[in-house]
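Asks: Chain by chain, the residues:
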Amino acid sequence: MQIIKTDVAIIGAGGSGLRAAIEIAENHPNLEIALISKVYPMRSHTVAAEGGAAGVAQDHDSLDNHFNDTVSGGDWLCEQDVVEYFVENAAKQLTQLEHWGCPWSRKEDGSINVRAFGGMKIERTWFAADKSGFHILHTLFQTSIKHPKITRFDEHFCLDLLVEDNKIQGVVILDIAEGEAKLIQAKSVIMATGGAGRVYSYNTNGGIVTGDGMALAYRHGVALRDMEFVQYHPTGLPGTGILMTEGCRGEGGILVNKNGYRYLQDYGLGPEVPVGQTKNKYMELGPRDKLSQCFWQEQQKGNVFKGTRGDYIHLDLRHLGEEKINERLPFIRELAKAYVGVDPVHEPIPVRPTVHYTMGGIETNANTATSLAGLYAIGECASVGLHGANRLGSNSLTELAVFGQLAGQEAANYALNTEHKDVTALQKQAEAIIARTEALLHSKGSEKMADIRLEMGDCMEEGVGIYRTQESMQKTIDKLAELKERYKNIHIADKSSVFNTEFLYAIELGYLLDTAEAMAHSAIKRQESRGSHQRIDGFDKRDDQNFLKHSLAYYQADKAPKIEYSAVTITKSQPAERVYGAASEKPSAEPEQAEAASETINSAQEEV
Amino acid sequence: MTESTISIDILRYRPENDEKPFTQTFEVPYSPDFSVLEALQYIKDHLDSTISFRWSCRMAICGSCGMMVNGVPKLGCKAFLRDYYPNKVSLEPLANFPIERDLVVVMDDFVNKLESIKPYIIPEKEKSLDEGTYQQTPLQMELYKQFSMCINCGLCYAACPQYALDDKFTGPAVLALIARYNRDSRDHGVAERMKIVNQEEGVWGCTFVGYCSVVCPKDVDPAAAIQLLKVESSKDYLIGMFKPD
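Protein chains in written order, with the numbering used here: chain A, 121 to 728; chain B, 480 to 724.
Keep in mind the hints are simulated off the structure, nothing from the lab.
In this text, a Cβ means the ideal position worked out from N, Cα and C, and glycines have one as well.
Be aware that a few hints might be false.
[Stated by the list, open to error] Chain A is nowhere near these chain B residues, computed Cβ spacing over 12 Å in every case:
no. : residue
1   : Asp527
2   : Tyr613
3   : Ser627
4   : Tyr716
[Said to hold, decoys possible] Here are the simulated lysine-lysine pairs, DSBU-like style, with alpha carbons at most 35 Å apart:
no. : chain 1 : residue 1 : chain 2 : residue 2
5   : A       : Lys457    : B       : Lys606
6   : A       : Lys269    : B       : Lys499
7   : B       : Lys722    : A       : Lys426
8   : A       : Lys227    : B       : Lys523
9   : A       : Lys599    : A       : Lys692
10  : B       : Lys697    : A       : Lys266
11  : B       : Lys624    : A       : Lys608
12  : A       : Lys426    : B       : Lys697
13  : B       : Lys604    : A       : Lys266
14  : B       : Lys674    : B       : Lys697
15  : A       : Lys669    : A       : Lys682
16  : A       : Lys266    : B       : Lys674
17  : A       : Lys266    : A       : Lys241
18  : B       : Lys722    : A       : Lys227
19  : B       : Lys523    : A       : Lys269
20  : B       : Lys606    : A       : Lys266
21  : B       : Lys523    : A       : Lys212
22  : B       : Lys499    : A       : Lys266
23  : B       : Lys647    : A       : Lys212
24  : B       : Lys523    : A       : Lys599
25  : B       : Lys624    : A       : Lys302
26  : A       : Lys457    : B       : Lys499
27  : B       : Lys722    : A       : Lys457
28  : B       : Lys674    : A       : Lys269
29  : A       : Lys426    : B       : Lys523
30  : A       : Lys125    : B       : Lys697
31  : B       : Lys523    : A       : Lys679
32  : A       : Lys706    : A       : Lys604
33  : A       : Lys399    : B       : Lys709
34  : A       : Lys125    : B       : Lys597
35  : A       : Lys266    : B       : Lys523
36  : B       : Lys597    : A       : Lys302
37  : A       : Lys227    : B       : Lys647
38  : A       : Lys227    : B       : Lys709
39  : A       : Lys615    : B       : Lys606
40  : B       : Lys499    : A       : Lys227
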């Protein structure tokens, strides 16, 4: 087994991992960095983000506005000190990306342009047409090439973490092409592996988004926080789940049901804003959780279209005109033409909610440190406390830059004050990990992997979807327990060592099942409705008395995870009613009216 | 009614098991909106789990799933069965790259080339973040934007007859990336990159067949980038004659 000594190991080379790597290389040229990814960095799922990155950019906007939008958008489950740090550093870190070459869309005078986004009071979303994530990722990847101290391990799969003396000491990785395991001995480790959207059947995520880092940290005793909060993006293509950016609506696109009616006005998001105009926090510029819930309501009422790939509604961009669509949304046009045969210049696009983002993740403090000494976590795999119960679109690309930079500093400082331990104990651990891995490869099971994966995705959609009940969640929990048992008897036909993707899928499926279990168990214990976690079994209101707190899921091997809770940090925004549309204009001195508006969705629920 | 199917030939090669590549044929249920990638996923899930191919985003942006579809370099996720049915589809690994296994090719040479051309902004002087962003008008951005759209899928290398003859040739995508940075108003690294451009393996390796631009799934038009660089390179040469460094 090859042993490689480094100072900081980073697992995942998407937006946050690359940003952290560059931060260390720029400021600590003496430190060695191992940047490990199961794909080439530019394949990372950051590449698929479309809409943009939030950071205050206009004179009539303020950090307080961005803070308030984020905290209320998160239904007051955000760590407010973290949000304060985030909004203060957002524009600065987006500027850093600009200096490195990111082609942000510009105004005529050459300054940065911003677009409207859901739940944001003032336009502050920096965008690179509708390929913002693509440009951020390639900019960061190409900039990282400048730094010789960043040693990349492309197409190396992380098998496990090495923990000794209650500190992280490195990782064991598998060279996918060679089939050879390597021990990376590191002083600190940054987890930057992205989300876990692939636990659901219909999602906007790439095939690689399998919760690897979440599951690895979780299995080593680190809590997964707020895992019940899973974001459904309101506009994915039916069947494939391919993302139609919120930027479509930011530019003025509208949502209509099968009767051609803009139904959002019926759910506390109106009054209707005339076609061709946009009004921030109204109608189509409401937050994602609410818009996805509205779709479900319309579905119950029978107001949606029925298609061969499931129910859908229409996202209509026609009134924007060809020129604007080509300038601002060229990728959307390309995708709609290719995948549903619709040219949005001439026809509305069929869309439906699909799983998009995991708000929860590996619990970290405000400085990205986890409870395991030396281990840091950033980006979608982490829960630094930014998104609360519902993420606002365009906050997560900025998160990559802001917390990637911070984690780089923190992990570097930790490494500077730490020595490599004797490698013998780590070697022994690594050998045990490899033996365990080989046992899985050479197991003689009979369970078909594709069946387990499919049943997992379907039971998550059914039980832990847009609306949840005790019964639905319990069914999912039981199903997941069954699938975990069947997984132990999984069939792997391919026993070879060169680029054995079947074997990797099997390991990933194990990561997915553990992550799914943390989600379902966290969800059933939260007896209230907040943000993306909505219940229709008597717990349909927010309950600050009992649940203004984070859930923490702890791994218990073959038993159900242990769910504990921790306090939410509140600095300057006391929990209030979360309202959009006209109700958001009311001063907070009129709580009753605000409450009435916010309950519109719930009362509509009772009609079904 | 029996559901209709489509035949898919796949060039298989597992270095540990197979002496040389061979073709395996699969029958897959036909659906007009099925992509080649979805057909491959069907095969892996239901017919033969040992087949290996790269993929991730399914939406033609991550650049993972380049392969030869009936002899033409394409992204598997953006090639559709409807365009071949009822004829069979033949899938092979990207041409001009060594086969790692099945449809997976060795990308090392391409990645090494990409790393060699200083693909990052080389500023005139360091600009502090307090100074804010650079001014760059839409017209200035227009000069390089198209060349910044490359997803590194490798299709243009599979299409390039020069790269097929001599893999020392820098090749279309990487030359386009040079043009992307050279033409960016924030960059002052032209002189450093022109040394690479001016070499025989640089732009002058290109015989302007233009097939790279035909197969590019993102309309980057690397052939146009190379022509622009040839003009720059010629100017460089002339200036060099009068002002040798």
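Asks: Look at each hint and say if it fits the structure.
Replies: These are the hints, each one checked on the structure:
no., hint, result
1, Asp527, "violated, 8 Å"
2, Tyr613, "violated, 7 Å"
3, Ser627, "violated, 6 Å"
4, Tyr716, "holds, 28 Å"
5, Lys457/A to Lys606/B, "violated, 42 Å"
6, Lys269/A to Lys499/B, "violated, 39 Å"
7, Lys722/B to Lys426/A, "violated, 71 Å"
8, Lys227/A to Lys523/B, "violated, 48 Å"
9, Lys599/A to Lys692/A, "violated, 42 Å"
10, Lys697/B to Lys266/A, "holds, 26 Å"
11, Lys624/B to Lys608/A, "violated, 50 Å"
12, Lys426/A to Lys697/B, "holds, 33 Å"
13, Lys604/B to Lys266/A, "holds, 16 Å"
14, Lys674/B to Lys697/B, "holds, 28 Å"
15, Lys669/A to Lys682/A, "holds, 16 Å"
16, Lys266/A to Lys674/B, "holds, 17 Å"
17, Lys266/A to Lys241/A, "violated, 38 Å"
18, Lys722/B to Lys227/A, "violated, 40 Å"
19, Lys523/B to Lys269/A, "violated, 39 Å"
20, Lys606/B to Lys266/A, "holds, 17 Å"
21, Lys523/B to Lys212/A, "violated, 46 Å"
22, Lys499/B to Lys266/A, "violated, 39 Å"
23, Lys647/B to Lys212/A, "violated, 41 Å"
24, Lys523/B to Lys599/A, "holds, 24 Å"
25, Lys624/B to Lys302/A, "violated, 40 Å"
26, Lys457/A to Lys499/B, "violated, 40 Å"
27, Lys722/B to Lys457/A, "violated, 53 Å"
28, Lys674/B to Lys269/A, "holds, 24 Å"
29, Lys426/A to Lys523/B, "holds, 30 Å"
30, Lys125/A to Lys697/B, "violated, 40 Å"
31, Lys523/B to Lys679/A, "holds, 32 Å"
32, Lys706/A to Lys604/A, "violated, 50 Å"
33, Lys399/A to Lys709/B, "violated, 49 Å"
34, Lys125/A to Lys597/B, "holds, 27 Å"
35, Lys266/A to Lys523/B, "violated, 39 Å"
36, Lys597/B to Lys302/A, "holds, 29 Å"
37, Lys227/A to Lys647/B, "violated, 41 Å"
38, Lys227/A to Lys709/B, "holds, 32 Å"
39, Lys615/A to Lys606/B, "violated, 53 Å"
40, Lys499/B to Lys227/A, "violated, 56 Å"
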